[in-house]
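K.L.:
Sequence:
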Amino acid sequence: MAIQPIIFFALWEVVRVCTYFNALVVIVGGPAEEISKLKKQYAGQKNIKFTHYLPRSDVLILQKQADLLVLPNTAKSDEANFTSPIKLFEYWSSGTPVLSSKVRAIEELAEGLQLLKYFEPDNPADLALMIKKMCSQNNTTMTTNALKYVYELHC
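If you read the sequence shown in the working numbering, its first letter stands for residue 1, the second for the next number, and so on.
Please keep in mind that the hints were generated in silico from the structure rather than gathered at the bench.
One should not assume that every hint holds.
[Said to hold, decoys possible] Simulated crosslink set (BS3-like; lysine-lysine; CA at most 25 Å straight-line):
1. K76 / K46
2. K117 / K148
3. K76 / K102
4. K87 / K37
5. K117 / K102
6. K117 / K133
7. K76 / K37
8. K148 / K46
9. K49 / K132
10. K37 / K148
11. K117 / K87
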């Protein structure tokens, strides 16, 4: 499955903002061919690290170590209305703040729960702004709510 061009554009905005904060952007997984293309495209960016598929245990460690997890979805396809929430639950259970595209499937799942923040899908400038905001504020209440929600749902 190929990575959509809108994600490439949004990724560049993420990198630009994270460069401002002197942050490392880690892209985990994806088909080897796509990762190779991305590595070439962003070869000069020292703050981007690409990895191929990692064992789940390694991914979970990276998620816990991160300052922010981003779940980008495009609103330009019907898939955004029916996207699986599995990745969102995985992110919530990490205890790391989550920033997601504001798409119907995610909004319906998290409605009124204050478990994550949103950015407008397909809007790299809003994505960059929200990353900047989230990296400069205390997100403890949000992450505590998310951990509690996942625990109550599964225990």
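K.L.:
Hint by hint, work out which the structure violates, then give me just those numbers in ascending order.
P.N.:
1, 8, 10
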